[in-house]
Amino acid sequence: MDKTINITLKIWRQKNPKTKGNFETYPLKNISIESSFLEMLDILNEQLIHEGKEPVVFDHDCREGICGMCSLYVNGHPHGPDEDVTTCQLHMRKFKDGATITVEPWRSAGFPVIRDLMVDRTAFDKIIQAGGYVSVNTGGVPDANSIPISKINADEAMDSASCIGCGACVAACKNASAMLFVSAKVSQLALLPQGRIEAAHRAKAMVAKMDELGFGNCTNTGACEAECPKNISISNIARLNREFLTAKIKD
Amino acid sequence: MWLLQSSIGKKLIMSISGLFLLVFLLLHMSVNFVSIISGEAYNEACHFMGTNIFVQIMVPVLAAGFVIHIIYACVLTLQNQKARGSDKYASSSKTKVPWASKNMFVLGIIVLGFLGMHLMHFWTKMQLSEWLGEEQALGYTLVSALFKNPLYAVLYLVWIWALWFHLTHGFWSAFQTIGLNNGKWIPRLKVIAYIYATVIAVGFTIIPIFFWLVPGK
Chain A
1 MDKTINITLK IWRQKNPKTK GNFETYPLKN ISIESSFLEM LDILNEQLIH
51 EGKEPVVFDH DCREGICGMC SLYVNGHPHG PDEDVTTCQL HMRKFKDGAT
101 ITVEPWRSAG FPVIRDLMVD RTAFDKIIQA GGYVSVNTGG VPDANSIPIS
151 KINADEAMDS ASCIGCGACV AACKNASAML FVSAKVSQLA LLPQGRIEAA
201 HRAKAMVAKM DELGFGNCTN TGACEAECPK NISISNIARL NREFLTAKIK
251 D
Chain S
252 MWLLQSSIGK KLIMSISGLF LLVFLLLHMS VNFVSIISGE AYNEACHFMG
302 TNIFVQIMVP VLAAGFVIHI IYACVLTLQN QKARGSDKYA SSSKTKVPWA
352 SKNMFVLGII VLGFLGMHLM HFWTKMQLSE WLGEEQALGY TLVSALFKNP
402 LYAVLYLVWI WALWFHLTHG FWSAFQTIGL NNGKWIPRLK VIAYIYATVI
452 AVGFTIIPIF FWLVPGK
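Chains as they are written, first to last, in my numbering: chain A, 1 to 251; chain S, 252 to 468.
Each computed DSBU-like pair below joins lysine-lysine, with the alpha-carbon atoms no more than 35 Å apart:
id, chain 1, residue 1, chain 2, residue 2
1, S, Lys-339, A, Lys-94
2, S, Lys-261, A, Lys-209
3, S, Lys-333, A, Lys-209
4, S, Lys-347, A, Lys-10
5, A, Lys-230, S, Lys-333
6, A, Lys-126, A, Lys-248
7, S, Lys-333, A, Lys-10
8, S, Lys-333, A, Lys-250
9, S, Lys-261, A, Lys-174
10, A, Lys-15, S, Lys-339
By construction, these hints were calculated from the structure, which means they are not laboratory data.
Isolated chain A, as found in the complex (with noise of 0.2 Å):
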């Protein structure tokens, strides 16, 4: 037999983008430790169908930590307390019997609360449309070494393209900052030779999306890289900058 909690939860309950939400407090019962964050917020809808309530809203897809889908800011993280993973493969281990834990939204301007706990991020799909791709269909994949590539280049680009767009570190910076995201997009292609040759014009468009879009002003704090469920670097901010002002010095 699993090992099971009983634990409390609050959760931030929001009809719709105009009115105002609020804290609903559940507990609930013999969760097992082996089940994941998403699965226990299954088994609380289940309740709530039960009781005639309506079920908590969330985003999530594939629950296997690539899509990129499933938020919320868990006890003060965004994808909860563990390291490195998203919340469908946070488990309620990390968690201590009869914890309470607070489950909110994304919260930014640039990520409006569309019902409890789902958010836009079309935002960061409208910065992708601006530039985060290569203009030209480049075909299949190459023989190998046609291109010559360093090792170095490739495994960056290969760490940059690992950033799945969920948007954690907008939700952890306190400035609501996209750079993160922003820049590992811009990085991943800036670094090999197909994305290369639009590398200056894409910088210069993403980012000007991204202040549109309310997006606010790195300061590196490094919360994103801390929170990033993916591992990406700040190093990839750092070539951003330096991507945006050689292409806008040399306008």
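Assemble chain S onto chain A, guided by the hints.
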């Protein structure tokens, strides 16, 4: 104009003005340090600072550096608070970040407040009176008298160590913003930031302690 409108442009202004002020601090600390070596040499250095033509040109530039740094600190802080949104988190953030990095604006206000006091006590009596052609207070006598006052000395030390916190983040952050940074240099620059901040703060701290402890100085 991208420099004034884009987030990175505004940050660049903070970074460049900050770096400029870092150079000034090092110079100021070095001149002050002369006071504990020789009173006469210090008075001479003060006179030089009040008359040398290059220094006189740099004074308004320096003042502009301060003003720009402060104005953009306010602009960026206001924008950042707006970006955070009207609904705040109920649970306080548990994300581990250096304390100074979260409190740069507050630390800046502390530094600015004491700076006003400092200008009133020293600058008006030294460089300003030299400009006005009035009789200039002898720098050494002024320093020695003020630092003998324990209240002033303590306030001065609070000021310098608030500055230490401000510099530990500001130094490496300036390089990060310009883009002169990467995975290898981030930890190195953070260490250099601590060394720089400590050299400045210790340098400034030794002076009041010296005047306090050494009788007849």
